[in-house]
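Whenever a hint applies, use it, and build me the whole structure from the sequences.
Below, each chain spelled out in residue letters.
Protein chains: 2
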Amino acid sequence: MKFSLTNKFKERFYDAIKLKDEKFIFNSLYEISPADITILLNEFNSTDSKYVLDIIDLSISSKIISELDQDTRISFLKVFSAQEIAKYIEKMDSDDGADILSELDLEFRNSVIKYIKDKEKSSNLKDLIRYDDNVAGGLMAKELVRCNINWNIVQCINQIRKQAEEVSKLYSVYVTDNYGKLIGKVSLKKIIISKDKTKVKEIYDDYVISVDTSTKAEEVVIIMQKYDLDALPVVNKRGKLVGRITIDDVVDYITESADEERQIMSGISSDVEEDDSIWKLSSARLPWLIIGILGGFFGAFFLESFENSFIDNNKFFISLSFFIPLIMATGGNVGIQSSSLVIQSLSNPNVFQDSVFIRLFKVSIIAIINGLVLASIVYFGINFIIPDNNKISFIVSFSLFTVVIISSLMGTITPIILDKLGFNPALASGPFITTSIDILGLAIYFMVAIFLNSY
Amino acid sequence: MKFSLTNKFKERFYDAIKLKDEKFIFNSLYEISPADITILLNEFNSTDSKYVLDIIDLSISSKIISELDQDTRISFLKVFSAQEIAKYIEKMDSDDGADILSELDLEFRNSVIKYIKDKEKSSNLKDLIRYDDNVAGGLMAKELVRCNINWNIVQCINQIRKQAEEVSKLYSVYVTDNYGKLIGKVSLKKIIISKDKTKVKEIYDDYVISVDTSTKAEEVVIIMQKYDLDALPVVNKRGKLVGRITIDDVVDYITESADEERQIMSGISSDVEEDDSIWKLSSARLPWLIIGILGGFFGAFFLESFENSFIDNNKFFISLSFFIPLIMATGGNVGIQSSSLVIQSLSNPNVFQDSVFIRLFKVSIIAIINGLVLASIVYFGINFIIPDNNKISFIVSFSLFTVVIISSLMGTITPIILDKLGFNPALASGPFITTSIDILGLAIYFMVAIFLNSY
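Line by line, the protein sequences give chains A and B.
Count the first sequence with the working numbering and you get residues 39 to 493, in order.
Count the second sequence with the working numbering and you get residues 39 to 493, in order.
By construction, these hints were calculated from the structure, which means they are not laboratory data.
Some hints here could point you the wrong way.
The list cannot tell twin chains apart, which means a pair is met if one copy fits it or any two copies do.
[Claimed, not checked] Straight-line Cα separation of at most 25 Å, SDA-like style, residue types lysine to any residue; simulated pairs:
no., residue 1, residue 2
1, Lys219, Ile70
2, Lys129, Ile247
3, Lys61, Ala73
4, Lys458, Arg397
5, Lys228, Val192
6, Lys278, Asn196
7, Lys254, Thr293
8, Lys264, Asn83
9, Lys400, Gln263
10, Lys254, Asn196
In C-alpha cells:
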C-alpha cells in the first residue's frame with residue numbers, strides 16, 4: 039500500500055491534467071494518502087492542483103488543504119472562491135478550519151463564513167478565530183464527545199454514535215456535570231469493556247488534567263509530554279469544557295518550533311525551505327549577514343583606533359594580530375555553548391530550578407575551570423610556536439581566560455533576559471549575539487595587551 | 039489537581055524520609071503524577087529515592103523508573119537488586135522494560151530476566167532487547183490487541199477485555215488473517231458503534247500503514263507524522279504482526295533528537311543538562327573548545343607565514359588586519375546558514391527532492407547574489423571609513439565575495455557528505471566546521487590580498 043512517486047508517473051499525471059482525463063486522475067489517486075498527494079501536487083501550479091482537488095474525494099482534498107504549510111496555502115487559496123473554501127472548511131475539524139480562516143483577509147473571511155451551512159460549525163469557527171495561535175484556545179478543536187455524569191453506558195455510546203463522524207480522533211469521552219463543567223473522563227477501552235447499564239458515575243476517572251483557553255502553547259506541549267496525554271481538554275475561566283487539543287497538533291507544534299529555533303540559531307530571518315525561490319532564500323539570509331558585516335565594521339573601527347600603537351610597536355602588534363582568530367573563535371564557541379544550555383533548560387522548566395544567582399555562580403566556576411585549561415594550552419602552545427616570546431604568550435593566554443569568563447556570562451545572561459522580555463531565547467545563539475561576543479573578545483584582547491604592555 | 043512543589047514541602051518531605059514517616063510519604067504523594075514525583079525525587083540521593091518508591095503504588099513507581107532519562111536511571115538502579123528491578127519491569131510495557139534491560143550489564147540483565155515471573159513477558163523482553171535503539175524493533179512494544187478477520191464484535195470485545203490491563207494505550211485493534219499476518223485495523227470508535235453480531239470483516243479498514251522491524255527510527259517518525267498516526271503496527275519480514283509503536287514514544291524521540299542536535303550545533307560533546315555536576319558540564323565543553331583552539335593556532339601559523347610581508351608593507355598589512363573579524367564572521371555566518379537549510383531538508387526528505395547538482399547550482403546563485411550585495415556594502419563602507427584607500431576596500435570586498443561563495447558551498451556539501459557517511463549532519467553546524475570555515479576565510483583573504491597587491 040506504500041506509494042512512491044516516480045518522474046514517469048509525474049509526467050503521465052501532468053498529461054492527464056492537460057487532457058482533462060478525470061478518470062485517470064481519480065483512479066490513480068484512489069486510496070493514496072493526503073500527504074503523498076500533497077507531494078505530487080507541489081509539482082504543479084495552483085490552477086492545475088485545484089483542478090485535481092476538485093476531482094478527488096472531498097474528505098481527502100480538505101485534509102490536503104488543512105495540512106499545507108501556511109505560506110503555500112495562502113498563495114494556493116488565491117485561486118479559490120469564498121464558496122469553494124467554505125466547502126472544504128466544512129469538512130475539517132474546527133481547529134484546522136479556524137487556522138485557514140485566520141489566514142484570510144477580514145472581508146473575504148466573513149464571506150467564507152457566510153457560505154458555511156452548518157450553523158454550529160460556523161459559530162464554533164467564529165469562536166475559535168478570536169484566539170491567538172500561541173495559546174491553548176488557538177490550538178484546540180471544538181469537536182469532542184462529552185457525556186453527563188448521570189448517564190449510563192448506553193446513553194454514552196449513543197452520544198458517541200451521534201458525534202462519531204465529526205470527531206476524527208476519539209481517545210476519551212469527557213464527563214461533565216449538569217452545568218457543563220469538566221469533572222472527569224472515561225477511556226474508550228473502559229466503555230467497551232463495561233456492561234450497558236453501568237453508570238458513568240461508577241467508572242469515570244475524576245483525575246483529569248485540563249488547561250485554560252489562555253494557557254500558553256509551550257506550556258500545553260510541556261503538560262502533554264510530561265503527563266503522556268493523547269488529548270488535553272480545554273476549559274474556560276469558569277471550568278466549562280470548551281474544546282480539546284490532540285497530540286498530533288502538539289507534534290506539529292514541536293517540529294515547527296525546532297525548525298524555527300534552528301533557523302534563528304543559524305541567522306535565517308524568515309521561515310524558508312531549501313526548495314523555496316532563489317529570491318526568497320537570499321533575502322531571508324541577508325538581514326543577519328548585514329548585521330554581521332556591521333559588527334565587522336565595528337571591529338575594524340576598534341582596531342583602527344590602535345593604528346598608532348601598531349605602527350610604533352610594529353613587531354609586537356603584528357605578533358598580537360596572529361592570535362585574533364583564536365581569541366574570536368574561542369569566545370564565540372564558549373558563548374554559544376553557554377546559551378545553548380540555558381535555552382534548553384528554559385524550554386524544559388523544572389519546579390526546583392536553581393535561582394539565577396546560583397546558576398551564574400555555577401557557570402562562573404565552569405568558566406574558570408575551562409578558562410584555566412584553555413589558557414594553559416595556549417600559553418605552552420605559543421611558547422612552542424614563537425619561542426623566546428613569553429610576553430605574547432602571557433598576554434594571549436591571559437586575555438583568552440578573560441574572554442572565556444565574559445563570554446560564558448554573556449551567553450548565560452542573554453537568553454534569560456530575552457526570555458524575560460518575551461523574545462525567543464534561541465536568538466541568543468544567533469549571529470547578532472555571536473558577533474557581539476566576537477567584538478567584545480577583540481576589545482578585551484587589545485585592552486589587556488595594551489595594559490600589560492605598558493608594564 | 040495541579041501540583042506545585044515548594045521548598046517548604048521539599049524540606050518537610052526530606053524530614054519524613056529521615057524519620058521513616060511512611061504515612062506522610064504515601065499520603066502526600068497520593069494522586070500526584072509520576073512526572074511530578076520524579077522532579078521531587080531528583081532532589082534526593084538514590085537510597086532515599088528508592089525508599090520513597092518502595093512506599094508508593096507499584097504502578098506509579100514503575101512509571102517513574104521507566105521515564106527517567108537514561109544516565110540518571112543507570113546510576114539510580116545501582117542501589118536495586120535484580121529481583122527488585124524485575125518487579126518494576128514486570129509492571130511496564132515491554133518496550134520500556136527492554137530499554138532498561140539493555141542498559142544493564144549482560145550478566146546482571148540475565149539474572150533480572152530470571153526473576154520475571156510472567157513467561158510471556160520475559161520472552162517478549164528477550165525478543166525486544168535484540169533490536170537496536172534506532173530501528174522500529176527497538177521502539178515497538180509487544181502489547182497490542184489483535185483480532186482475527188473471521189471474528190465478530192463480541193469476540194473482539196472479549197479479546198480487548200482479556201488484554202485491557204496489559205495494553206496501556208489502546209487506539210485500534212489490529213486485524214490479522216489465520217496466519218497472524220497483518221491485514222487491517224478497526225478503530226475503537228467503530229467497535230463501540232457497531233452491533234454485537236457484526237463481523238470484523240464487514241467493518242475493518244484494509245488500509246493499514248505498517249513498518250518492518252528494521253525500519254529506521256527517523257523514518258518511523260516521518261511516517262507517523264506524515265500520516266498523522268497515533269500508533270504504527272510493526273511487522274516482521276514475512277508480514278506477521280509483531281508489535282506496535284505509539285505516538286508518545288515518537289514525541290520523546292523528536293524532543294530528544296532536537297536537544298541532541300542543538301548540543302551538537304553548539305559544540306557540547308555529551309548529553310548534559312544545566313543541573314548536572316560542574317565537572318560533567320565543564321568536561322562536556324572542553325573537547326570542542328580545544329579543537330577550536332587548535333584551529334586558532336593553525337590560523338596563527340598561517341598569519342605568521344606572512345610576517346615578512348607585514349613588516350615590509352607595514353601600513354598596508356595593518357589596515358588589512360583590521361578586517362580579519364569582518365571576513366571571519368561573515369564566512370562563519372554564511373556557512374552556518376547554508377548547512378542549516380540542508381540539515382532541515384535532510385530531516386524532511388521529499389520524494390521529488392532536487393538532485394545534489396541542482397541544489398548546488400541554486401546555492402551558488404544565492405551565494406553570488408548575497409556575495410555581491412555584501413561586497414558592495416563593504417566596498418562603500420570602507421571607502422567611507424578609510425577614504426583614499428581604494429585598494430584596501432577593493433581587496434576586502436573581493437575576498438569577502440569569494441569567502442561568501444566558498445563558505446556557502448562548504449556549508450552545503452559538508453552535511454550531505456556527513457549524512458552519506460552515516461554521521462549526524464548537524465555536526466556540520468558545529469565548532470569544527472565553523473572553525474575550518476573561519477580559517478579558510480582567512481586564507482582566502484590573505485591570498486587574494488597578496489595576489490592583488492602584487493599588481
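Here is what the structure says about each hint:
1. Lys219 to Ile70: Intra 41 Å, inter 22 Å, cutoff 25 Å: inter-copy only.
2. Lys129 to Ile247: For Lys129 and Ile247, the Cα distance is within 25 Å only across copies (23 Å; inside one copy 29 Å).
3. Lys61 to Ala73: Answer is within: at 21 Å inside a copy they meet the 25 Å cutoff, but 54 Å across does not.
4. Lys458 to Arg397: Within one copy, since 16 Å is at most 25 Å while 40 Å is not.
5. Lys228 to Val192: both (13 Å within a copy, 15 Å between copies)
6. Lys278 to Asn196: Classified as within: same-chain Cα gap 22 Å, cross-chain 36 Å, threshold 25 Å.
7. Lys254 to Thr293: Cα proximity of Lys254 and Thr293: in one copy and across copies (17 Å, 18 Å).
8. Lys264 to Asn83: between (43 Å within a copy, 22 Å between copies)
9. Lys400 to Gln263: Classified as neither: same-chain Cα gap 29 Å, cross-chain 39 Å, threshold 25 Å.
10. Lys254 to Asn196: So Lys254 and Asn196 fail the 25 Å test inside a copy (35 Å) and across (42 Å) alike.
Hint check: violations occur at hints 9, 10; the rest are consistent with the structure.
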